[in-house]
Amino acid sequence: MTATVPELTCHSEPAGAPEGQRTARNPRPSAADPASSRGFLSALHPSGVSPLRNDRVVEKTMTDSKISVRDFDFFYGPAKVLHGISLEIPAQKVTALIGPSGCGKSTFIRSINRMNDIIPEARASGTITIDGRDVYRSDTDVVELRRKVGMVFQKSNPFPKSIYDNVAYGLRIGGMRNKRQLDEIIERSLTRAALWHEVKDRLHASALALSGGQQQRLCIARALAVDPEIVLMDEPASALDPIATSKIEELIYELKDNYTIVIVTHNMQQAARVSDRTAFFMLGRLIEYADTNAIFMNPKEKMTEDYVTGRFG
Amino acid sequence: MMLRHFDKDIEELNHLLLRMGAMVEDAMARSIRALLERDTTLANEVIARDDEIDRMEIVIDQKTIELIAKMQPTAGDLRFVATIMKITPELERIADLAQDVCERVIELNREPMLKPVSDLPRLAHDAQAMVRQALDSFVRGDAALARKVIAEDDNVDALTESSFRNLLTYMLEDARNISSAIRLTFIGKYFERMADGATNICEMVVYLVEGKMIKHTAHAAAGE
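From first to last, the protein sequence lines are chains U and D.
When we follow my numbering, the leftmost residue of the first sequence carries the number 323, and every step to the right adds one.
When we follow my numbering, the leftmost residue of the second sequence carries the number 5, and every step to the right adds one.
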């Protein structure tokens, strides 16, 4: 219980405890849980910005979590699509979000880097913090946030440019002009995305000439080039054939050494294969969040069991 | 709740296992009767029918592997399939032990009858009850019953030991008893192993129901 007691601190202080002190957290705090009845944060303004909140003061939670989500609600106009989501996403692990279509998992993953901001009438309440810093704070630099939190989508979306220019795109926007430095980062990013050996001899060929699987890995390389800490993947392999899919899965497995990865997938076996933690969403609620082994071998909730065994009608 | 065609496969697997279980129980019961009634014909029948049980094991193995390959079972389905895979060889081994009992019975029947060994029939019946209850606990998904059966194993071990001591006195008493007494000691050991098989089945039933591996843990039976 001590792990969930909120503590006020400056957010410049690093959040998180050493590896050994990780504590399991209840994904759905009960009413009796002091964490769910937090005084000042529960008085959130409907806009999602608390007038009471002191910008230099946030909650610190004693876990090694990279992303901390507390009582997060999300609305599209009058429709509430996420209901009180609370979970801790651990650093340098793969967290899979599973659930039937329309369960809110894509809305949730897009909330992490505020990709939903562009949707009119969308609004959020509750908090999502990354390293203790609230991403929905009024002064958050969204461009900087999205640099730190890269994203890969279902359909690969390379720019109609060369392979090289695709990966260099974010770096050039960031002001990098040094050719040698660019070359270096591009090689490193393509290597990390397990694409370098396939494209090193045709870096200046059009990205659109690549196969679907290669295009997706290019998009991953493009996301990695700007040195993010978190990579969000929204069904990254659902449009790919089994061989390309398995390459992406291997890649995800390797990337977690350096990045925190959150992946939305409809393919439950994929979630089972690549992730360390799995969150099961249903009708906008987080039903169960646990180690992937537990979700697929011995889930606690009947709904999770029915979903992972394909009993949903 | 959607009925999946996978459920039909699961049901079929369940049905096959229960049929095998019934065959094994039958072999065990007949081996006990052959022992107590010194019935060589019956003993030969049990031996002849063992092939059928072996074939059943292969059918279940193939079906289980096929299910894993095609359906990639998870959660309760996964535990069910894993349980079947672990229970089937236990059942097959119990049937083999019943066959071993019958082989010793045939040998015993060629020798003069030894004085009755009171602990041996009790041991046989207790082991039989454990196997039956182990299968019941699987059918009903009853972890409490499974734990009860596991707890009974100590009793069977004690009976095996006491029947051995009993037979030892016969051997010391008259060297001509040694041959039969050793065969009966083997039989005692066979029943003890059948009870071990029942225990292993029950451990898998606890896993099936609760997702807990209680194998090789002290206090497994106590549910701690």
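Since the hints were made in silico from the structure, they are not lab data.
Warning: the hint list may mix true and false statements.
[What the hints assert, rightly or not] Okay, derived cross-link-like pairs now, DSBU-like style, lysine-lysine, Cα gap no bigger than 35 Å in a straight line:
hint : chain 1 : residue 1 : chain 2 : residue 2
1    : U       : K477      : U       : K522
2    : D       : K119      : U       : K415
3    : D       : K119      : U       : K624
4    : D       : K193      : U       : K624
5    : D       : K216      : U       : K622
6    : U       : K415      : D       : K152
7    : D       : K90       : U       : K569
8    : U       : K415      : D       : K193
9    : D       : K219      : U       : K622
10   : D       : K90       : U       : K415
11   : D       : K74       : U       : K569
12   : D       : K193      : U       : K578
13   : U       : K622      : D       : K119
[What the hints assert, rightly or not] If you want the ones that stay clear, here's a sample from chain D, every Cβ over 12 Å from chain U, calculated:
hint : residue
14   : F10
15   : D11
16   : I14
17   : M75
18   : T78
19   : G80
20   : L82
21   : R83
22   : A86
23   : E111
24   : A148
25   : D158
26   : N204
27   : G215
28   : K216
Here a beta-carbon is modelled for each residue, glycine too, at the ideal position from N, C-alpha and C.
Results for each hint:
The hinted pair formed by K477(U) and K522(U) meets the criterion: a straight-line CA distance of about 23 Å does not exceed 35 Å. Simply put, K119(D) and K415(U) have alpha-carbon atoms about 70 Å apart, too far for the 35 Å limit, and the pair is violated. For the proposed pair K119(D) and K624(U), the alpha carbon gap of about 59 Å is over 35 Å, so the pair is violated. The suggested pairing of K193(D) with K624(U) is violated, with an alpha-carbon distance near 44 Å, which exceeds 35 Å.
A distance of roughly 13 Å separates the Cα atoms of K216(D) and K622(U); the hinted pair therefore holds under the 35 Å criterion. Simply put, K415(U) and K152(D) have alpha-carbon atoms about 42 Å apart, too far for the 35 Å limit, and the pair is violated. Under the criterion of a C-alpha separation no larger than 35 Å, the hint pairing K90(D) with K569(U) is consistent with the structure, at around 34 Å. For the hint linking K415(U) to K193(D), the alpha-carbon distance of about 51 Å lies beyond 35 Å, and the restraint is violated.
Between K219(D) and K622(U) the CA atoms are separated by roughly 22 Å; this keeps the pair inside 35 Å, and the hint holds. Restraint check: the Cα-Cα separation between K90(D) and K415(U) comes to about 33 Å, which is no more than 35 Å; the hinted pair holds. Between K74(D) and K569(U) the alpha-carbon distance is near 22 Å, which keeps this suggested pair within the 35 Å criterion. About 53 Å separates the Cα atoms of K193(D) and K578(U), which puts this hinted pair outside 35 Å; it is violated.
Annotation: proposed proximity of K622(U) to K119(D) is violated, straight-line Cα distance about 57 Å (limit 35 Å). The claim that F10(D) lies off the interface is violated: its Cβ sits roughly 7 Å from the closest Cβ of chain U, which falls inside the 12 Å cut-off. Not every beta carbon of chain U lies more than 12 Å from that of D11(D), the smallest distance being close to 8 Å; the non-interface claim is violated. Its beta-carbon lying about 10 Å from the closest one in chain U, I14(D) breaks the requirement of being farther than 12 Å from that chain.
Not every beta carbon of chain U lies more than 12 Å from that of M75(D), the smallest distance being close to 9 Å; the non-interface claim is violated. Not every CB of chain U lies more than 12 Å from the CB of T78(D), the least distance being 4 Å, so the non-interface label is violated. The non-interface label for G80(D) is inconsistent with chain U: the shortest C-beta to C-beta separation is roughly 6 Å, within 12 Å. Not every CB of chain U lies more than 12 Å from the CB of L82(D), the least distance being 6 Å, so the non-interface label is violated.
A Cβ of chain U approaches the Cβ of R83(D) within 12 Å, the least distance being about 7 Å, so the stated non-interface status is violated. The non-interface label for A86(D) is inconsistent with chain U: the shortest C-beta to C-beta separation is roughly 9 Å, within 12 Å. Every C-beta of chain U lies more than 12 Å from that of E111(D), the closest at about 47 Å, which supports listing it as non-interface. Annotated as non-interface, A148(D) keeps its C-beta farther than 12 Å from every C-beta of chain U; the closest such distance is 18 Å.
Every beta carbon of chain U lies more than 12 Å from that of D158(D), the smallest distance being close to 29 Å; the non-interface claim holds. The beta carbon of N204(D) sits about 20 Å from the closest Cβ of chain U, which is more than 12 Å, so the claim that it is off the interface holds. Taking the minimum C-beta to C-beta distance to chain U, about 3 Å, the non-interface status of G215(D) is violated against the 12 Å cut. Residue placement check: K216(D) does not keep its beta carbon more than 12 Å from all beta carbons of chain U (closest about 8 Å).
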